[in-house]
Amino acid sequence: MPISTFPHTTPERTIVILGDSIAAGYGLPSEYAWPQLLHQGLTETYPHIAWRIHNLSAPGDTVADAYVRFDEAQVKRPDLLIIALGRNDCRRTHSPAVDRRIEIFNRNEQTWWGRNAMLRRLGYLLNPLPDASQAHETGSQTPMEAFLSILGWMMRQARAMNALPALVTMAPLAPTMASDPHFAPCTRYNTALRDLARDWEAALIEVDYTLPEGSWQVDGVHLTARGQAEIATRLLRNFRRPPIAPHLALKTQESNAHMAPSLD
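Numbering (my numbering), first residue to last: 1368 to 1631.
Honestly, I wouldn't trust all of these hints.
[What the hints assert, rightly or not] Straight-line distance between alpha carbons at most 25 Å, and here's what the computed SDA-like set of lysine to any residue pairs gives:
#1 K1618 x Q1407
#2 K1618 x P1539
#3 K1618 x L1571
#4 K1618 x T1410
#5 K1443 x I1416
#6 K1443 x P1609
#7 K1443 x T1410
#8 K1443 x T1376
Please keep in mind that the hints were generated in silico from the structure rather than gathered at the bench.
Working from the sequences, and respecting the hints, build out all of it.
See below:
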């Protein structure tokens, strides 16, 4: 259900969030997840607008998982599409189901016949998808090429809906996880998110900088209520800046240099 508390006579802005366990508020009551906190902040900051936030995030989601459910986002007709994915894509863990979904994307969107419904059905009959239990090669769960291709497709679809796409970098891990080899590729994937946002002239919401102590759960990956609140604050700041503010017809902040994070 959307997060909404306004009558239909109020001007509306619709936001769809595609994320993983961080955006889903893993391990916490739903009211502590940053999408709910973002809704509260937007309502307080822009009370004349009815904010409708559809949080379609799910723990464990990769870009391929979000792709196969993308029609759920399209039917909401968002003004802003926030994509907060990547942690499960970059980590060194293997899921045959993700391989299968990447193959679905490649067939449906990267081939001339896949874009035709009739030819697509015929193609799947003649050349079935690989078994979902098939072994996966070593490396990141989602190869970089597939990661960028699927995100690019999502941003293209967002533009077609007249929605502004916004990419959120991955929140930092706890210091105790800094040397964990399973997450070693994540720095490279965060860099790719920044480059992709620039190439597509999409909004980039930077959250990959120091979080206060007490922001992580015991696993060092998922966030506590304090960490979720900090992420919500960082997102809310971007609603006062281009390109989100003008796209949603919000008052822009004259200067936000003092808010810029230090990435040194």
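Quiz item: Can you name, in rising order, the numbers of the hints this structure does not satisfy?
Solution: Violated: hint 2 alone.
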